[in-house]
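K.L.:
The hints should help you fit chain B onto chain A, whose structure is shown.
Those protein sequences? They're chains A and B, same order as listed.
Residues in the first sequence are numbered from 15 upward in steps of one, following this note's numbering.
Residues in the second sequence are numbered from 15 upward in steps of one, following this note's numbering.
Copies of the same chain are indistinguishable here, so a pair counts whether it falls within one copy or spans any two.
DSS-like cross-link-like pairs, simulated, lysine-lysine; straight-line CA separation at most 30 angstroms:
| # | residue 1 | residue 2 |
| --- | --- | --- |
| 1 | K76 | K16 |
| 2 | K159 | K144 |
| 3 | K78 | K16 |
| 4 | K16 | K57 |
Please keep in mind that the hints were generated in silico from the structure rather than gathered at the bench.
2 protein chains.
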Amino acid sequence: MKITLEPIGVIHSPYEKKEDIPIQGVFKSQGVGSIEVFKEYGKGLQDVEGFSHLMILYYFHKSKDFSLLGKPFLEDKLHGIFAIRSPHRPNHLGVSVVRLLERKGNLLKVGEIDVFDGTPLLDVKPYVPKFDERKDVKIGWLEGKLDHHNGDQI
Amino acid sequence: MKITLEPIGVIHSPYEKKEDIPIQGVFKSQGVGSIEVFKEYGKGLQDVEGFSHLMILYYFHKSKDFSLLGKPFLEDKLHGIFAIRSPHRPNHLGVSVVRLLERKGNLLKVGEIDVFDGTPLLDVKPYVPKFDERKDVKIGWLEGKLDHHNGDQI
Numbered sequence: 015m016k017i018t019l020e021p022i023g024v025i026h027s028p029y030e031k032k033e034d035i036p037i038q039g040v041f042k043s044q045g046v047g048s049i050e051v052f053k054e055y056g057k058g059l060q061d062v063e064g065f066s067h068l069m070i071l072y073y074f075h076k077s078k079d080f081s082l083l084g085k086p087f088l089e090d091k092l093h094g095i096f097a098i099r100s101p102h103r104p105n106h107l108g109v110s111v112v113r114l115l116e117r118k119g120n121l122l123k124v125g126e127i128d129v130f131d132g133t134p135l136l137d138v139k140p141y142v143p144k145f146d147e148r149k150d151v152k153i154g155w156l157e158g159k160l161d162h163h164n165g166d167q168i
Numbered sequence: 015m016k017i018t019l020e021p022i023g024v025i026h027s028p029y030e031k032k033e034d035i036p037i038q039g040v041f042k043s044q045g046v047g048s049i050e051v052f053k054e055y056g057k058g059l060q061d062v063e064g065f066s067h068l069m070i071l072y073y074f075h076k077s078k079d080f081s082l083l084g085k086p087f088l089e090d091k092l093h094g095i096f097a098i099r100s101p102h103r104p105n106h107l108g109v110s111v112v113r114l115l116e117r118k119g120n121l122l123k124v125g126e127i128d129v130f131d132g133t134p135l136l137d138v139k140p141y142v143p144k145f146d147e148r149k150d151v152k153i154g155w156l157e158g159k160l161d162h163h164n165g166d167q168i
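Here chain A stands alone, though its shape is the one from the complex:
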């Protein structure tokens, strides 16, 4: 079975080099970018301005290959690709939560962006804590690894 997708827009970010991109957008809240939804989909943005955060789905276009085991940024051990957030994954799909700063027509100014400039946008969904957040979460190999990120940026 093959599934064919077409980008609905493009993400503009300040990041052109891998080393500039934060591990996750929430760690670099000053990372401001914009999401350009192509005009033919613009009508679908009606009422997004009421939401403070959006979930974006996109295509890791710079990643040409995948590996079933990978080393994440946060440590030097191999883990299964489905236990890490590396872009080098089957189907190369990415998900991020961004902060919506402003909407101007089909252009969304957003904070907490963590993708390459020019990333193809596949979907935008409203971020809803009651749908998307969970309590009593265990984070496996990441346990203790995020402690030094407990600063102002969280």
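P.N.:
For chain B alone, kept in the frame of chain A given last:
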């Protein structure tokens, strides 16, 4: 630009009819299903068992069309498709957080499932609150609409 994806597995759920599926999985925590990752991708599951929750990406295969405006389950007004979570969206991509109950090889027993039986699986990512959760969230048209869901199931 066309992007071609291939399912990495299939989601087995108790839901064969639309009216049985909860609006979101978290509202029906007894909804137990299983995620079958195809054998050729099984190695990528290494270490997922340390995580209590996983984010799954999938293809809304029952939705053949999309509409830029839609009426969500929770009210009778039209909203832009990017301000609601309807499956009838461009690219038909879905995201859910599920509770990992057990891993047996390439089969994951999961709770809080909210998709049709047979849904094609596109990706599995570890759910990490520090990456995926936000504070001070505004939820636009959904404000006040979720209050009657404040019961035991949340």
